[in-house]
Amino acid sequence: MKNFEIIIGIENHVELKTKTKMFSSAPVSYGETPNTNVNETDMAYPGSLPTINKKGIELAIRACSALKMEIDTLVKFDRKNYFYPDLTKGYQITQQYNPIGKNGKLIININGEAKEVDIERLHMEEDTAKQIHKDDLTYIDYNRAGTGLVEIVTRPVLRSADEACAYVEKLREVLLFLKVSDVKMNEGSLRTDVNISIRPYGTNEFSNKVEIKNLNSISNIKKAIEFEVERQTKLMLNNEVIIQETRRFDDTTNSTVSMRSKSDALDYKYFREPNIMPIQLDQNWVNECIKNSPELADIKRVKYTNEYKLSNNDANIILTSIEMSEFFEEAIKHTKNYTKVANILISDIQAQLNSENISIDKLALSPIHLAEMINLVDDSVISSKHTKTILPIIMKDSSKSVIEIVEELNIKMISDENEITNLVNPIIESNIELLEQYNERPERVTKTIMGQLMKVTGGNVNPEAGMNIIIKLVESKLK
Amino acid sequence: MKDKKYYEELAQDSMLKFTEKEIDEIVAKQEDLRKEFEKVLKIDTTNVKPLFYPYDDIHTYLRDDNETTTIDQKKILANAPTCEGDFVTIKKVVK
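Sequences listed follow chains A and B, in order.
Under UniProt numbering, the residue at position 417 of the first sequence is numbered 417, and the numbers go up by one with no gaps.
Under UniProt numbering, the residue at position 57 of the second sequence is numbered 57, and the numbers go up by one with no gaps.
Chain A on its own, in the form it takes in the complex (with noise of 0.2 Å):
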């Protein structure tokens, strides 16, 4: 296998956010009873005629932006023909000859060591209906149709499954952060196409290319990457034609299948699309979209490590989820101690959240609650193994503040020196045997009164100064 040199081109198709689709008013809503969000746009009623969504404009343009490509202001739309239950126009509307982006570019880490993936274009486009194929059947949901999509074109500068993995999991990153999708590829709004070719080293002449269809996981990307090559290296060296083809990833058996080959490939005979005059952006306003683009993960994981000071594993864990971003960068602005609000949020919300399957705005829990609890801690007003006990409480109601619960549970700690005094006095009287070990074992007698001390206040001292105060007053019953 090392003979060959691997040649990866990748396609991306990415839904985009917006409330309506690219060409109609329909709604675009994930999970709705099929065939309700349709309208006669995208039914291909006659007499309707598409519209172009502003938003899809301004969520293409700022992943051109962040991509680094050029773009193109004059936007344009063709046609691409076939003839499929999954378009009732007949044909997809896309921008075959004019994408409104070109050349750019997206940096990728390879084991520590930054690779440049050239990306050829972005160009928008329509999504298909959603079929689902049963016995003798084929079951239609339109709903999808006509929704909003970027699809994204890599060079076939990747050279591995690997760079592969990290250009699609750095491309989601990008467009997460960006807003511009959800990009969950388990329900189709990030969906991968990999082409793939290999040559001996040293050769120009590349095999023919295949293509492998609908990857739905970094894993299966690469999984499907690796047979492929061991699949292609094995014709190559018995000296077999590799076909140029179409196919798709099985995951029960880990391999890949012909779907169609090239000598059946649809002629699609794009021309422009006449109902869609080309329309001129106005370049103030494009500017105002690259301006107001939400901030990048990149951006954030420096600001995170520098100026936060949280270890790179942390940011990193923060960073895989917008929302838990968002809530971070929310609850910091309401206490200093960034550490305890990071270390909590990976490890006791972090829980919760697997263990319903949910994400943190989807809690009760406010970031303004999350830092009126530290700050309690902080301020030595509650202890910190009371954020145990309000954590579940703050997660589910956000009816009452942190410090209206500390003082219905009664969890207030005692740091006031005199009642502190009242309640260490007894103790002693009732333990005048032991003060006499504290010139040998000074430590196990203050251990113990303490111990009995949180006892009777259910843990409720200042460590502290309840330390401080039991130290006082032993010394001076032994003088």
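Since the hints were made in silico from the structure, they are not lab data.
Treat each hint with caution, since some may be false.
Simulated pairs of lysine-lysine, DSSO-like, Cα-Cα distance not exceeding 30 Å [to be verified]:
#1 A:K455 <-> A:K385
#2 A:K17 <-> A:K105
#3 A:K184 <-> B:K92
#4 A:K362 <-> A:K388
#5 A:K209 <-> B:K5
#6 B:K21 <-> A:K17
#7 A:K170 <-> A:K213
#8 A:K213 <-> B:K92
#9 B:K74 <-> A:K269
#10 A:K68 <-> A:K303
#11 A:K89 <-> B:K49
#12 B:K75 <-> A:K89
#13 A:K68 <-> A:K102
#14 A:K269 <-> B:K21
Based on the hints, put chain B in the right spot on chain A.
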């Protein structure tokens, strides 16, 4: 001129089936059209850029992503040749 074989392949690509008679008719119609277009082909178009739209105007209108409109699911399903439950159905054509 495109021959019968060309149209047979085109039909295959378009997932359509034509009878021999229909293909013959298409080929004959093509010949008629070719004769009609001979007049058009005589027009000198040197240095004339192709025009894809009836107007040369550039538009700026974009739709705001606010208002949503839908049609009743019952209407969609009623308009489909066949349906089952919430879905439009067709005979399965993929393997």
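Pair hint outcome, K89 of chain A versus K49 of chain B [Cα-Cα no greater than 30 Å]: Holds. K89 of chain A to K49 of chain B sits at ~29 Å (cutoff 30 Å).
Check whether the Cα positions of K362 of chain A and K388 of chain A lie no farther apart than 30 Å. Within the cut-off at roughly 20 Å; holds.
For K68 of chain A and K102 of chain A, compute the direct alpha-carbon distance and say whether it is at most 30 Å. holds, 9 Å
Is it true that the CA of K17 of chain A sits at most 30 Å from the CA of K105 of chain A? holds, 22 Å
Quickly compare the C-alpha distance for K455 of chain A and K385 of chain A to 30 Å and report which way the hint goes. Since the Cα atoms of K455 of chain A and K385 of chain A sit roughly 15 Å apart, the hinted pair holds (cutoff 30 Å).
K68 of chain A paired with K303 of chain A [C-alpha distance capped at 30 Å]: holds, 22 Å
Given the hint that K75 of chain B pairs with K89 of chain A, does the C-alpha gap stay at or below 30 Å? holds, 18 Å
Does the structure keep K21 of chain B and K17 of chain A at a Cα separation of 30 Å or less? violated, 50 Å
Starting from K170 of chain A, check that the Cα of K213 of chain A is at most 30 Å away, please. holds, 20 Å
Does K92 of chain B sit within 30 Å of K213 of chain A, going by the straight-line distance between their CA atoms? holds, 20 Å
Check whether the Cα positions of K184 of chain A and K92 of chain B lie no farther apart than 30 Å. Holds - the C-alpha atoms of K92 of chain B and K184 of chain A are around 28 Å apart, at most 30 Å.
Measure nothing beyond the straight line between the CA atoms of K269 of chain A and K21 of chain B; if it is 30 Å or shorter, mark the hint as holding. Between K269 of chain A and K21 of chain B the Cα gap is close to 25 Å, so the pair holds against 30 Å.
Hint check: violations occur at hints 6, 9; the rest are consistent with the structure.
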